[in-house]
Every structure is written in structure tokens, then in C-alpha cells.
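For the protein sequence lines, the chains are G and D, in the order given.
In the numbering used here, each number is its position in the first sequence, counted from 1, plus 6.
In the numbering used here, each number is its position in the second sequence, counted from 1, plus 5.
None of these hints come from the bench; they were simulated from the model.
Treat the hints with care, since some could be wrong.
Claimed, not checked - Each computed DMTMM-like pair below joins lysine to aspartate or glutamate, with the alpha-carbon atoms no more than 20 Å apart:
1. D/Lys321 with D/Glu308
2. G/Lys197 with G/Asp154
3. G/Lys197 with G/Glu160
4. D/Lys526 with G/Asp219
5. G/Lys73 with G/Asp35
6. G/Lys73 with D/Asp501
As the list claims (entries may be wrong) - Below, a sample of chain D positions facing chain G; criterion: calculated Cβ distance under 8 Å:
7. Leu484
8. Glu486
9. Asp501
10. Pro518
For every residue, glycine included, the Cβ atom is placed at its ideal position computed from N, Cα and C.
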Amino acid sequence: MRLILADDSALLRTSLARALNPEFEVVADAGDAEQLLQLVDHHRPDLAIVDIRMPPTYTDEGLQAAKQIRARHPDTGVLVLSQYLQTAYAISLISAGPERMGYLLKDRISDLRELENTLNRLAAGETVVDPEIVARLVARNRAPNRLDQLTSRERNVLTLMAEGRSNAGIAQALVLSERTVETHVSNIFTKLNLAADTTDHRRVLAVLAYLRD
Amino acid sequence: MRLRPARSSPDLGATIARPSLAPERLFRARAQADLPRDGVALAVGLVAIAWSGWAAYNSLATLRERGVPVDWVGLAFTWTGLAMVVVGLVVWVRRIDERTGLLMALCGFLFLLTSLTVARVPVLWTSGAVFNSARFPVLYYLVLAFPLGRLVGRAAWLVMAVVVVDAVGWGPLWAPFTLPADVGCTGCPPGTNLLLVSGHDHFASTTFTVLVWLALVTYGSLLVLVLWRLGIASRPGRRTLAPVYLPIVVWSTASVLEASTLLVYWITFETVQFVELVALALLPIGFAIGLLRARARRGRVGELALALDRAPQPRKLEEAIARALGDPSAEVGIWSPQDRAYLTADQRALEVPADNSGRAATSIDHEGQPIAILLHDPALLHDTRLVEGVAAVARLAVVNEHLAAAVQQQLAEMRASRARIVAASDAERQRVERNLHDGAQQRLVTLSLQLRLLEEQLRGDPELSRMVDDALNELTVALAELRELAQGVHPSVLVDHGLAAALEFLAERAPLPVTVTAPAKRYPAPLEATGYYIAAEALTNVAKYAQATRAWIRIRDQNNKLTIEVADDGIGGADPSTGTGLRGLADRVAAVDGRLEIESPPGGGTKITAELPCA
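In isolation and in its complexed conformation, chain D is listed as follows (with noise of 0.2 Å):
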């Protein structure tokens, strides 16, 4: 058994909890979750499949049996649909953006939801129809909030609520009025459409005018909002917009042309009509790439927290934000309460800057009180899900560092204490023995003389002078024990002459030999009484308990450190948990910083050793 009870120290500001996770268990954890997910993706993926070949089943069946050209807006969109349908579900299977994945999925079947129309089936050609436009709302939507998942801006909103409009006029408000013969069904009779109106021409053409412009609004406006985000979007979030809102970009512009085409002809539709088809053909490709890069610099909020974590100074701190986000330009201050300021890592004050300077500003509250504030290319207000998420790391590292600071300035102001204790009851028993020494010693010692000269009277009264001689022997006991009891509250010797010195008086006085190797040199007072009573305790105990034959007290000062080592060669199996002795050398040892350890094997001899700092 080896006893290490006393670290005297607590090492706080050493050792930081870490979460202790065990990697495996959340793979396992995750792996059972998924399950279901990964059936559901498949069994809905399989839907899909088979919705695409039936669509593109009645696509090429038209084909063959017209002896038209290939039906290529029907292909495009069986392709289109599908592939949203796969993609959504791999994003929403694989967690890299659960929402987005479902409502890529479901535009995805509403794209398929056009093939209705190719369909020789009433029901289904007039639910294609009445459908017809539903999947532009989703599409947008998916546009308008990539890469965040959700809308952001008035602008946004104003182009849903446009695009909403459009796809009701182009659904059921237009449903009526079209003949199933020009939109996909070849060769259909009238009758196809069970919503058919006739005889309302002059109401069809003016409602046709109106959803031709109404389109050219929703192209139009989606068209102008994606530009405009790319031309303020920073460099690093140009490129996870680029793969959604380039095929967009191509798309919107086309669909612009193609609708004015219905207004007034002045190119051709169907080349119009190719390039849109591509460019839809690459969106959902485009997602996958834009919504793996978002990913990836959502991470760099991860990574920020790893190097944080590493290195937490100031500098760093700026450097790895400035990492994180993209922005090498990026600042960091830190809020100084002293100076009512952000100050940089090189305590320079950071002026919060001015709307429209060019400059954006995210501060850092904890608790209502200012941390830390982030300087930053005003671009990046609009990916506010990195912005917050390096905030929120950057509040961590801050406020851990300053929780850090205040347990270590509270553990330096307990450790001072502690000293300031220990040295005030060390000046306390110095005190006390003075007084003894010179009142009740030096009064008892005068007494004795009075009595002996009183004695020297009385020579002739044999009765009275033998009274005289019991007190004085009483006088000489009282005085033995007065000294004892003085030495024991304070050695003198230990002030006057230093350690070695007082561990000999110590030794001189033991009940069994004890050898005491010592230089004889002088040590701060605080040190040279902390060996002391280490040392009388620690023989004391051996007296009492240990049963031994022997004792060493060793004084070795080496690499700034003084260590006062007590040995015996009794029974051992010392309990430094029982009895204060034992704990009150620890609390003196830590007084000074020290390290007291205590070895005791059964059988083996007890060996306290303390070392204290002397620098």
C-alpha cells in the first residue's frame, strides 16, 4: 500500500475537464436511428424510379406512335424531378441539411407531377393541370433560403409570395382554359381535360396576357435577387451560392426570354427552351455541390473550436476567426471593463464602425454583459448561420478564459491567505513564548532569588527555613516546566539559529535516536518553521504509534526546493486520513506551496516528505 493522501496543491488551472464520450457509442447510437430513414429514403426512391420510367415510358410512347420529335421538355422533366428526388433524399439520409433534403425530395415529385399531363387519362391529365405550376413555389423556396434554410430578408419573401400567385394562376386558375392537345398530350382529345371551358375566349386571352406577365415578374425577380446576392456575397460565399445560383441564374434568364416569346416572337422558343431545360437538367446537381460546401464551412465553426481549444490567446483567437470566416480582414476585441473599450490582442480599442462603412460589426454578449466584439466584411451578415456559429465558439473561448483567470486569481488570494494565516499563528506562538520568557519566567526566576535570601534569615528557624527550602524546590519544578512549555510553543533556537540547529534540540530530546542530516544554513522564516513543526509532528507521531527503533530527519535544498524527509523503521501503516496531526502538516505545507507525501507501508516504516519551494 503506498499512501499519497496530502497533494497539498490542487492543481486547478492544470487540469480542464474534458467530455468524455466514448466515439463508438454515438456511431451505435446513430447507426440504430437511422434504420428507418435509410428504408424510407429507399422505399420512396424506388417510388420515384417508378414514376420516372412510367413518364418516361408515355414520353417515348407518344414518340412512337406520332412520329414527332423526341419529347424532350417531358424527358428533361422526368430527369429533373428524379434527380431532386435522389439528391433530397441523400441530403436528408446523410443529415447534411435534413430540411432541405425533404423539400428537395418533394419539388422533386412535383416536377414528376408534370408527366400527369402526358398521361391519356383524364383524371390524371387534369390533376397534372390543375398542379401544373406547384413545383415553382418549392423551388423557390429552396433557391431563396440556400444555403441557410430559411428566408432571410423582405426581398425573399416578397418573390415567394409572387411566385406563390403564379403558380395558382398557371394551376388551377389556367387549368380551364387549356387544351390537353398543347401541353404534352399529342393528339388528345378535347375531352381529356374534365376542367374544360369553351366559349371564353376574349376572358382566356386577357387572363393569358396577365399570367404571361406575371411570369415574367417571378422569372424576372428571382433573376434580379440571385444576382444581387451573388455581387454582395464575400468571396468564400460566392462559392457556396455559385453551384445553385449559376443554374438559376441560366434558368431564370431563360424562362424570361421563352415567356416574352409568348408575347411578342423574336427568337426562337425551342432554343430558349433547351437552354432552360439544361440549366434545370444541372440544378439538382448543383445542390448537392452547394450544399456539401456549406457544409464544409459550417465546419470550419468545428474547426474553430479545435483551435481554440489548442492555442486560446488573444492572437490566435483573431487568426483562427479570421480562418473561420473566410475574411482575413476579420478583427477581434476583446471588451475590457476597465477601459470601456474592445481591445485587440495588441490592446489596441476597436471603434464599432458606422452603418454602411463598409465594415460589419457582431458583438458578443454573455449574460447581458459585453465579451468580445467581431469586425467583419459586412457580406458575411448574410450567412448568419457562420457568423453566429463562430460567435458562439468565440463566446466559449472568451468566457473560459475569463473563468479560468478569476479560479486562478481567487486560488492565488486563497493560497496568500493561507500563508498570511499560518504566519500569523506562527507570530502568535512567538509572541506567546516571549511573554512567558520574559513575564511569568523572569518574575519566577527573581522569586526564587527573594526566596533563597529569605532562606539565608531564616537559618536559625530550622522549621521555617525547611518551608522556605519545599517552596523553593517547588519554585525550580514550576520553572523546568514553564521552559518546556515556552520551547514547545516556539523554539528560540529556531529564530536565533536556524533549522539544523532546532532539529537538533529536537533530536536532543526524542525518546529513541534520530539522526539529523541538515546544512547549516538560513531559510526563509516561513520555511525553516514549516520544517520545524513538520518535523516535530512527524516525531511526535513516531514516538506515539510507530513502534520504532530508530529515526532520520534529512534536509536536502536542491533545484530551489527545500526537502525535509522524516524516516523510521517502525511498524508503518500510517492513516493520514485519521488524527489532525498528519492533516494539519498538510495545511502548513500548502501554506507555502509545498508538497507533502507520505509513505507507509505496513511493515515497512513510515516516510513523510515535504518539499517546499525556495526560490
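Extracted from the complex, chain G is given alone in its bound form (with noise of 0.2 Å):
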């Protein structure tokens, strides 16, 4: 797998693209969003990790830069490295085109195997969320809490879903049937009055949406 990191850290950038398994090949790194973009139109990789804080106004370059990086190659996948647990973000960066995008704790390049696995969901295709996030955001407390309908069962699928994952990689990490996990989010849909036809990538949008509102 190609990879552009962008970071304005150069040791971090190093670091990085030394301690990545040798098949996720960085074939560019940039230290800042004008360069990434130019990088990405120049190479063409599978897939950008950017960080969400450059150079110059240290804001959010880097989601900016993402959402630009989709409208022009939407086949590239986008992942954001974010010091933000903010749902804000993560919403703006998927609404731009779910796919191949992904909002993920900075902190969390650490776990290697995790960064490495969620790379693959990336270049699969599927969609992102920081679990941590998504955890908040099902434990948030509401009045009246229309989560408590859900067993808790149904409640890991909702979660999972929120992370972005498709119905192959819930069966796979709650170790079930797909068929099993089709009814269990068919199931969610009815109790929590969601439209049935979402789907895969739309999900996560609508899924995120309502455990905001």
C-alpha cells in the first residue's frame, strides 16, 4: 500500500514511516498542507495520513487539506490524525464522502497493529471513527435515553457501526454470523426509527447523527 504521511513534525514522520511494516510503503512526506496536496496529485497514493494541526494557523490545515484530497481523487482514502475528541470534526471530515475516510486519536499511532489494521479498513473501503468517540457518544447520557430499547448486544453492533465498520468486520469482531449481525442492525433500525435502505457508508452518518441529536 502507498502512503503520503503529512506531519509537521519531521521526526514523527520518520518515526512513523520506519516503524510501519514493510508493506505499507510512504512514498512522500510533507510538513504541511500545500505540500501534501501537491504531493497526492503528484503520486497518486492509496492513502494520505494527515495530521489535523499544520502549519501555518495550526487549526484544522489538515482537515481541510482531506476534504480537498477527496473532491479531487476520491479513490484516495484519507485518514486524520486528530488530537481533538471531538465529534464536530470526525462529522465534518466524513460528510465530505464516508469512504476510505477516517478520524482517528493521534495518541493511538502508538499501537502499530491497530494504525496497521485500520490502514486495511481504510484501503477496503469501509469508514473510520475513533472508537473513543463513538464510546462517548453511546455512554452520553440523555433524557429520555432512547438507547436503553437496544440490548446490549444490539448496542456493540450500533457502536461498531458509529465506528464505521460494515456488517463483515462487526460479525468478525464480535465473532458472528454476517446474517446474525444483518438482523441485529435491521433490529436497531426499527427500535431507533432510523430510514432501513442506509447504506454501508451512509450508515455511519446517519448512526453518528443520532446518537448527536
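Dock the two chains into a complex; use the hints.
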């Protein structure tokens, strides 16, 4: 898999490039968003790993760059690494097109196997939302708490849906058959009164929006 | 209980304290002080009436015995005296002009004193002769001091000096040469005059001639002065002077003519004397009218004060002053320190007129600084009391306006500086947040990655590998804590995604269900920050004290106002005076010129509402 890394810290870029399994080839790395866009145009990588904060303003340049990459090269996956545990950023990113889009807490890059796993999921066309964000949304206090009508298994399925996993991914994670997962998903959609025809990718947004509301 | 503690912006401009003296109390206090005054006036008035009765009886007794025509002189003097006393006492009691009132009463008694010469009792007749002319200085003073109650100008003092000499001359000096029969006491023996000196006919005749000339000068000078004053007076001033000055003009003219007949017989003495006595008899009424008119004129100063209280704009000031002065041509210039000139309402610089230019100027100063200037008819300079009153009121109005403007300016500066302080503190929070993210956090993430690499190198050594793993776990906790700290210092989502997203972030982390209703709109940064910190502080309070099961954050933006409302269903009874959290909110709200209201009835939940102007 051909990757481009964008982060303003050169040390982090080289460390990460070295740490990743050889199957992940870092073809180029960038220190800011502008350079990143040029490199993506040039190398057409499978995936770009982008830090959300980059020069010059260190706010959400990475997020904006990710959206531009999505607009120019819809086939290129983007993983945004963020310091912010905030739903608004994740939703903003995924709204640009959930397929092959990921929003992950930056801390997680030290868990290399998990990171590689995420990269593979993205390359396979899935969406990735940081589990911590989803966990917070699911655990959020609500009045009345509509999630109470779900069984604990259904809750687990809902959480994995919000993290962007496909039915196959959910089945694998929960050690269930895909058919069982489909049944759970259908039950969840009925109980929560969500539109049932939502496709895999769009349903991430629908579920996140539901959890947020 | 309804708490409304922190009205954030003190409306200094709107509330001007008004004097709160209860009118009833003032009236009561005056009534008490007046009681003895009424009594004194009544007693003195009764004395005057008794005396007049006696004098009139004497005048008529002479008539009965001698069968001569009515003693009109005696009766006229008695009337004038009595009327002067009565008018004077009323003027005194009513406080129209206290000093003038008392002097009028004195003058009246001095007129009555002349009736003593009608008496056939030697001691009384003699005293009457000695004090024969004592009434003149008092009468002159009353006329010359009218309507101010004090002498103004060298001419007036000169006339006063002349009249005093005249009174001494015709009184104590001439008394020894007067035969009682010539002055009031028809048919009295010469011995009635206890001071009578005989045998100095030549001296007496010379003295008489000198005294007649003196009388001519005395009457004449009064006539000239009074005519001159009438001539220069402004129209409203003339209206005040006329009731007193017109009888005086007639009286002094007649008196001059009368005195001249003593030197050269050219007209009938009696005719002139009749005119003189009628004018004299009208004088007390003239004083009554004149004093009332003067008071009404001075009352315009009060009206001016009322007018300025209602509408203190410069143009109104000029109109109100012109009306108070009775001079439509009056102009007002307010001193402008920048232009170093007096400016009119339409910003025209006023020239200070030269002497004899037909305009007069009265400057108004305050603590040595020029405040304003009044340009008006020079005739008004003689009505100093009116001009001073008007100037004083104008000074109050202008100084008051200066103070109000200064307070407004200070208030504006204070608001601006408060807003700057809050903005600086927000910027500082943002800077700290960025430093944490881009400095410490970035390095810790890199460090954790390197530790992971190290751990993979150490696979062969389980002991070391476990230690690195522990270090990595510790580092993960540190990173999570650092992230929370940075977001607490300043939520980046507020800047990047706005208030609604930031409030959702608050709600997601809250320990109780929080419903957020907010339009997904962007507002100016200070408003978003203020709204966010209000909600954050309020939610912190809800979690700590309210024992609530739910909370609501509602954002509305209507009529150029952004309203932030945080409510809960807890125990209520929040006291904003304790604890710095709510106080801090009030300061923050005040910095953007907003308003904060806290309702927290016991058992009824707490509702914090902030209204922020967003034009």
C-alpha cells in the first residue's frame, strides 16, 4: 500500500515510516497542507495520513486538506490524525464522503498493529471513526435515553456501526455470522426509527447524527 | 425569591438623582416659621391703623374748629403712611422682598410721624418738626434700590447723600425757625415749638433760600436719575420699573415745581401740591405692583431651570435663556477648549463685544475655567439679579452636561478596556492550548511511537519489554490528561466549528443529560467565547450543586440579541454573591455589554440567562 505522511514534525514522520510494516510503503512525506496536496497530485497514493494541525495556523488545516483530496481524488483514502476528541470534526470530515475516510486520535499511532489494521480497513473502502468518540456518544447521558430499548448486543453492534465498520467487520469483531449481524442492524434501525435503506457508508453518518442528537 | 444580582452594565447615563424633598414638609416648616411673623405684622399693622386714625382725627378736628377747607396734606400723608406700612408688611410676610418690605413699613411710619405736627401738644409737634423730612432718605433708598434691593451706581449714592443732607436741613436745622401755625398746627401758639428761635430773621431767610435750593437739587436729581434709568431699561425691565418710577416722576416733577414757587411765585402752589399728593398716594400701590412684577421676572430663572432640566440641548439653552432674560437677541456661546472660543449651537464662534458696541457680555466661569458667555442687551446689566440668576442656572446646565459627557466617555473607555482584557485573556488561553497541542502533546506522541519501536526491538527480553510497555501505558494516560487539559483551557472546536458544536462538546462530557438547542450559525468570536464560557460555568455549577436530573442549553438569536439560557431541574437557591464562578460570568457578560440574569427559587431549579448584543 502506497502512503503519504503529512505532519509538521519530521521526527514523527520518519519514526512512523520506519515503524510501519514494509507492506506499507511511504512514498513521500509533507510538512504542511500545501505540500501534501502537491504530493498527492503527483504520487496518487492509496492513502494519506494527515495531522489535523499543521502550519501556518495550526487549527484544522489537515481537515481542510483531507476534504480537498477527497474532492480531487475520490479513490484516495485519507486518515486524519487529531488531538481533538470531538465529534464535530469527525462528522465534518466524514460528511465530505465517508468511503475510505478515517478520523483517529493521534495517540493511537503508537499502537502500530491497530494503526495498520485501520489502514487496511480504509483501503478496503470502510470508514473509521475513533472508538473513543463513539464510546462517548453511546455512553452519553440522555433524557429520555432512547438507547435503553436496545439489548447490550445491539448496543455493541451500534457502536461498531458508528466506528464505521461493515457488517462483515462487525461479524468478525463480535464473532458472529454476518446474517446475525444483519438481523441486529435491522432491529436497531427499527427501534431507533432510522431509515433502513441506508447503505454501509452512509449509515455511519446516520448513526453518528442519531447519537449526537 | 427571585435573584437579580448582576445587572451587568450600570446605566450611569440614564439615572440622574433628583432631589427628593417632600413638598409637604417644606410647607409645614415654612408655616411654623411664619407664625410669629404673622403676629408681628398684625401688631405693627394695628399700631399703624390706630396712629392713622388718630392723625386723621386731628386733621378733621382742625377742620371742625376752624371752619377751614379740609387738611388734604395731612390726610394724604396719613393715607400714604398707612398704605406704605400695610404694603410693606404684606411684602415682608409674603417674603416677596423682606428687606424692602421692612423699609417700606419704616417709611410708612415716618410719613405718619409728620402727623405729629398736627398735634397741639408741644413735645409731639416739636418731634414732628425735627423728623419732618426723615421719610425722604428712606423713600429715596426704596426708589433707588428698586427692584434689586440694593444701590447700584455712583449716581444713586450721590443722590442718597444729597437727600440725607436735605433731610437734616429741613428737619433739625430748620425746626427752630418754624412757626407751628405755618406747619400743620393752624392757630397754635408759637410756644408749641419748643425749639423756636426768634430774632434771627436774616439768618432764617438765608437758610430758607439755601434749603429751597437744596430741595430743588434733591427732587431734581431724583427726577433725572429715574428718567435716565427708565430710558436705558430693556422693555421687560421698564415694565417692572414703571409702577414705581412713574409716580416718582410725577411726584418729583411736582415737588420741583412746588419748591420753585417758594422762590418765585409763578404757578398756584395748591395745584402743584395736589398733583404731588396724588402721586404720593399712588406710590405704595406702585411698589406693590412693581415688586410683584420683579418677583415674576426673577421667577423666570426658576422656569429656565425647569426648561433646561427637561431639554438641555445647546439650542434649547439659548432659547430658554433669551426667554428668561426677556431679550430675544440674547446669544449663548459654550467655551470650546479645542477651538479656544465660545461656540454657538451651530458651531459659530462668538465675538466678545467691545464696550459701547450696543451689546453686553456676561461670562460664566467655573473654578477659574471659562464655561460659557451670554451676549445680551446692555440694559440688562442693571438687572444684575436676573442676569446672575440666569448665568447661575446656565452654568449648572453646562457644567452638568460636561460632567455627563465626561462620565459617558469614562464609561465607554471602561467598557472598551474590559472588552480588551477579556479578549486578551481569551487569546492567551488559545495560545496556551496551541502550545500544549503543538509542543508537549506532539512530542509525547512521537515519544510513544519511538517507545513502541524500542519495544519491538526488545521482543527477546520479556523483562525489558514489559517495562517499556508499562511506560507506554503511562504515556497514553498522560496524553489523555493533556488532551482534556488543553480542551478545557480553550476548546478548539469553538474557533473551528462555532458555538453550537462547542456546546455539543460540553453536553457530551456532562455527567447528566443535557439538551442543546442552538442554531448552527457563526457569531463574532467574543460572543461565541462568552456564550461558551457561560454554558461551561453554568454546567459546572449544575453538576456541583444543583442535584439536577436534567439540564438544557438554549441559544436564541433574535432582534440583534444572542440569548444564552442554561436551565436545570435541580434544587435552586443559587446565590450568585457566593463563589467566584457566577461573578466571573457577570464580568464576562459585561465585557460584551450584555446582561446576566439568574433565577433560582428554592426547589424550582436554576435558570441563568445572558443577553448579548450582536448587531
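How the hints compare with the structure:
1. D/Lys321 with D/Glu308: holds (13 Å)
2. G/Lys197 with G/Asp154: OK: G/Lys197 and G/Asp154 at ~10 Å, within 20 Å.
3. G/Lys197 with G/Glu160: holds (10 Å)
4. D/Lys526 with G/Asp219: holds (17 Å)
5. G/Lys73 with G/Asp35: holds (18 Å)
6. G/Lys73 with D/Asp501: At roughly 15 Å apart (the allowed maximum being 20 Å), D/Asp501 and G/Lys73 satisfy the hint.
7. Leu484: holds (5 Å)
8. Glu486: Hint violated; D/Glu486 Cβ to chain G Cβ min 11 Å, cut 8 Å.
9. Asp501: Hint holds; D/Asp501 Cβ to chain G Cβ min 5 Å, cut 8 Å.
10. Pro518: holds (4 Å)
The structure fails to meet hint 8 from the earlier list, while all remaining hints are met.
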